[in-house]
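Peer 1: So the protein lines, in turn, are chains A and B.
For the first sequence, the positions run 1 to 115 when the working numbering is used.
For the second sequence, the positions run 1 to 118 when the working numbering is used.
Just so you know, the hints here were simulated from the structure itself, not pulled from any lab data.
Every residue, glycine too, gets a C-beta built ideally from N, C-alpha and C.
Treat the hints with caution; some may be incorrect.
Pulled from the structure, derived: some chain B residues nowhere near chain A, Cβ distances all over 10 Å [stated by the list, open to error]:
id: 1; residue: 7
id: 2; residue: 12
id: 3; residue: 84
id: 4; residue: 88
id: 5; residue: 95
Straight-line distance between alpha carbons at most 25 Å, and here's what the computed BS3-like set of lysine-lysine pairs gives [what the hints assert, rightly or not]:
id: 6; chain 1: A; residue 1: 56; chain 2: A; residue 2: 70
id: 7; chain 1: B; residue 1: 14; chain 2: B; residue 2: 71
id: 8; chain 1: B; residue 1: 11; chain 2: A; residue 2: 2
id: 9; chain 1: A; residue 1: 2; chain 2: A; residue 2: 67
id: 10; chain 1: A; residue 1: 67; chain 2: A; residue 2: 56
id: 11; chain 1: B; residue 1: 57; chain 2: A; residue 2: 67
Residue strings, one per chain:
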Amino acid sequence: QKEVEQDPGPLSVPEGAIVSLNCTYSNSAFQYFMWYRQYSRKGPELLMYTYSSGNKEDGRFTAQVDKSSKYISLFIRDSQPSDSATYLCAMRANAGGTSYGKLTFGQGTILTVHP
Amino acid sequence: DTGVSQNPRHKITKRGQNVTFRCDPISEHNRLYWYRQTLGQGPEFLTYFQNEAQLEKSRLLSDRFSAERPKGSFSTLEIQRTEQGDSAMYLCASSSLDRDAASTGELFFGEGSRLTVL
Chain A
1 QKEVEQDPGP LSVPEGAIVS LNCTYSNSAF QYFMWYRQYS RKGPELLMYT
51 YSSGNKEDGR FTAQVDKSSK YISLFIRDSQ PSDSATYLCA MRANAGGTSY
101 GKLTFGQGTI LTVHP
Chain B
1 DTGVSQNPRH KITKRGQNVT FRCDPISEHN RLYWYRQTLG QGPEFLTYFQ
51 NEAQLEKSRL LSDRFSAERP KGSFSTLEIQ RTEQGDSAMY LCASSSLDRD
101 AASTGELFFG EGSRLTVL
């Protein structure tokens with residue numbers, strides 16, 4: 001079983017829809033949770049970052065972390081065609097120690113927002 | 001452009017040949033990571049450098065793979081005797097120790113080097 005599980009989709013929604021993306025994980029040491037967006041043939045870029053449990057909102061994007069359930073979510077409101085990309089959840093333990101700040105990624109969910 | 005730069009962007013090679021990829025990180029970043037991403041999968045960690053020291057290698061990094069970061073600047077990833085299973089996107093990322101201390105955890109990725117082994 002992988003440390004981080006993410007439904008690969010693909011997910012297709014109409015413009016303006018609310019999108020919900022989710023990941024589950026098994027490693028209790030993970031404390032920092034991120035969502036990266038990756039356009040086709042590009043490298044991933046950081047979209048949202050959350051430390052420990054709680055919610056974080058940035059414009060149309062909301063990230064939620066529930067450490068008790070080992071479950072994280074990303075919500076996109078009023079989705080736009082420009083949001084069409086692969087969304088990767090990523091997480092890590094503390095930057096110190098032997099984790100070296102490396103990230104463990106989910107499989108990625110392919111999202112298409114059609115006009 | 002002051003982002004992470006990777007070269008070449010695409011390499012097509014025949015099975016058994018050696019290939020080398022180069023990564024130039026953001027200049028003030030002392031942490032450098034190599035990841036591999038296959039089609040339909042998320043990036044998988046390969047190896048990590050802090051300055052010039054290679055501090056961790058994944059089990060994914062077989063003996064045919066070697067990475068270096070001389071003088072703590074650019075890094076190279078060499079694959080010897082390539083196999084078809086090596087076909088993937090090789091991503092380089094860098095970060096700053098100071099920024100990690102501030103706990104954003106942000107890795108800045110390059111656009112990747114795509115390897116196709118025929």
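Peer 1: Next step is simple, just say for each hint if it's right about the structure.
Peer 2: Okay, the hints, checked on the actual structure:
Against chain A, the non-interface label of residue 7/B holds: every CB pair exceeds 10 Å, the least being about 13 Å. Residue 12/B, annotated as away from the interface, keeps every beta carbon of chain A farther than 10 Å; the closest lies near 15 Å. With a least CB separation of 21 Å from chain A, residue 84/B remains clear of the 10 Å interface cut-off, as annotated. No Cβ of chain A approaches the Cβ of residue 88/B within 10 Å, the least distance being about 13 Å, so the stated non-interface status holds.
Interface exclusion of residue 95/B from chain A breaks down, the closest Cβ pair being 6 Å apart, not more than 10 Å. Of the pairs offered as hints, the one joining residue 56/A and residue 70/A holds, with about 17 Å between alpha carbons and a cut-off of 25 Å not exceeded. For a cut-off of 25 Å, the pair hint linking residue 14/B to residue 71/B is broken: about 32 Å separates their Cα positions. Distance restraint check for residue 11/B and residue 2/A: the Cα-Cα separation of roughly 30 Å exceeds the 25 Å cut-off, and the hinted pair is therefore not satisfied.
Distance hint between residue 2/A and residue 67/A is fulfilled; the C-alpha atoms sit about 17 Å from each other, no more than 25 Å. Between the alpha carbons of residue 67/A and residue 56/A the distance comes to roughly 14 Å, so the proposed pair stays at or under 25 Å and holds. Under the criterion of a C-alpha separation no larger than 25 Å, the hint pairing residue 57/B with residue 67/A is inconsistent with the structure, at around 28 Å.
Violation of the numbered hints given earlier is confined to hints 5, 7, 8, 11; the remaining hints are satisfied by the structure.
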